[in-house]
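S.K.: Take these sequences, add in the hints, and give me the full structure.
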Amino acid sequence: MFVKQISVFLENKPGRLSEITRVLSEKNIDISAISIADTTQFGILRMIVNKPKEAVDAIKEAGFPVSTTDVLAVEVADRPGGLNNALQVLRQAGVSVEYLYSFIKRSEDKALILFRVEDPRKAVEALKSAGIKLYGSDEIASL
Amino acid sequence: MYWNKTRECMPREEIEAHQLHKLKETVDRVYHNVESYRHKMQQRGLLPEDIKSLEDLRILPFTTKQDLRDNYPTGLFASPLSEIIRIHASSGTTGKPTVVGYTRRDISNWAELVARCLVMGGGRRDSVVQVSYGYGLFTGGLGFHYGAEKLGAVVIPTSGGNTRRQVMLMKDLKTEILACTPSYALYIAETMNEMGIDRSELSLKTGIFGAEPWTENMRNEIQAKLGIKALDIYGLSEVIGPGVACECGEQEGLHIFEDYFIPEIIDPVTEEPLPPGEKGELVITTIDKEGLPVIRYRTRDITSINYEPCACGRTHARIEKLLGRTDDMLIIRGVNVFPSQIESVLMAAGETEPHYLLIVDRVDNLDSLEVWVEVSEKLFADEVRKLEDVRQKIASDIYTTLGISVNVKLVEPHTIERSEGKAKRVIDKRKM
Ligand SMILES: [Zn+2]
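The listed protein sequences correspond, in order, to chains E and C.
To convert, note that position 130 of the first sequence is 130 in our numbering; the numbers rise steadily by one, no gaps.
Position in the second sequence (first residue = 1) + 143 = our numbering.
A few of these clues could be false.
[Said to hold, decoys possible] DMTMM-like, lysine to aspartate or glutamate: derived pairs with alpha carbons at most 20 Å apart:
(1) K521(C) x E11(E)
(2) K529(C) x D78(E)
(3) K368(C) x E496(C)
(4) K13(E) x E531(C)
(5) K521(C) x D70(E)
(6) K13(E) x E555(C)
(7) K13(E) x E513(C)
[Stated by the list, open to error] Computed footprint of chain E on chain C; a stretch qualifies when at least three of its residues, placed anywhere within it, have a C-beta under 8 Å from a C-beta of chain E:
(8) 221-231
(9) 521-531
Hints in this document: simulated from the structure, not taken from any laboratory.
Quantities reported herein were computed from a predicted structural model and do not represent experimental measurements.
Glycine residues also receive a C-beta, built at the ideal position from the N, C-alpha and C atoms.
M.R.: Shown next as structure tokens:
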């Protein structure tokens, strides 16, 4: 029920992000979600891609520190309160959210949000029993 | 097990009494036999009789490598050439080498010291010792050779090179003690791998490695790959060669043979003596050497000294594994900083082979130090908070170790320039 996210360490200087996108496009790797968390010094680039293994190898070869993390891909209604619903469920289950960001693509009136949570198993349980749909890697790839 | 229990386990008062007696002899010898020493002492109005206690050592002038160069080749010899039986020389990277002469007694004393080191490494009369240090002008090969013979061990004088044959002999003759540089030990391990020889086919127990600086990390690697205990030996040709100090089986510092040498630790800039435990430049006075005695020789090696008793029973003080050279030292806000100290902090933070750069600058008349650390897979975390923690942990560990606050900057791998595989460690903008 988890989706593999790729995280890359980037220094805050020009051209670093485009270096990553160049490396990935060369390998024909498609990015379906992207987010950057940054400080004044450095940033962490987070991505969901269609071929995570190949992406990790390519980024490693380009000399960037890279790691993979399990995140949840949660479907929410694309209207006011849609995200709030999922967050309330997690809060009531006592699961804290480290960060979240959204997919580039969307399906009809639904939005897909990626969640990195403290306790992924517990989060999955809570979301499922609240009737919230979670996407797996295969479903993401076929979007 | 000791080679010379009486000397190696002498009570402190006896060591000091012995040192004072031998120091007086040495000062008397150089004053009467060596023009340069006499001249320096006369300039300060000193006579040999002015040495009345060990503390008086401090009134004597230092000797530097430059003094040896200025008196090239034999100007500092305290014995006539008729009594010199051996010459060694250190490779001079610039200009002339420094030449060292040994009398018969010097060679015998040196062998005594190396025999002590071999016994520290578990050597006995029936041990097989392979000497893979270079033989020749360099002191490593012959120094170990004579020491191992004095011990009565079986000596295999392979010298360096032809590594496959070395490994074959090591296996067939059941070598127990290997003496070479630490980097050559790793090369031997690699060659064994290529030859398909497993360490279990060897009888190696101990390695006595020296002649170049090496880290704890390298020690772990050698120990794991060769399945041995790797001991550090220290020496320099100007003083005698290998065998000035050596680690015992405790591996908690190198015993410096105080019945032959008086060690001091000084601040390399102010030249003031430093208390035990503090890092500074090692200064050595030889007190039982005829051919080339040295008074307060500035080794330019950085270490600290420890007079606490050692679990092995030896009473001679221990110096810390060498931390670098004074040439690498930085003075930041009046604090002496060695790049190797920063390296240790990074290694403690989990970096096996840290790549870092120290950028020193002066802003508003205040020195600043920025430490760039390349983020490895190991240091990298997916969360900003965790990376910030890594950054702050490194900064606070440096503060604890060195007492100076630094700004740590995390950078991408390969940001720091490497020349010939060796990274440049320091950029001092104050000098630009
Ligand atoms: Zn000891």
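S.K.: Give a verdict on every hint.
M.R.: Results of checking the hints against the structure:
no. : hint              : verdict
1   : K521(C) x E11(E)  : holds (17 Å)
2   : K529(C) x D78(E)  : violated (32 Å)
3   : K368(C) x E496(C) : holds (17 Å)
4   : K13(E) x E531(C)  : holds (18 Å)
5   : K521(C) x D70(E)  : holds (18 Å)
6   : K13(E) x E555(C)  : holds (11 Å)
7   : K13(E) x E513(C)  : holds (18 Å)
8   : 221-231           : violated (count 0)
9   : 521-531           : holds (count 8)
The structure is inconsistent with the numbered hints 2 and 8, although it conforms to all the rest.
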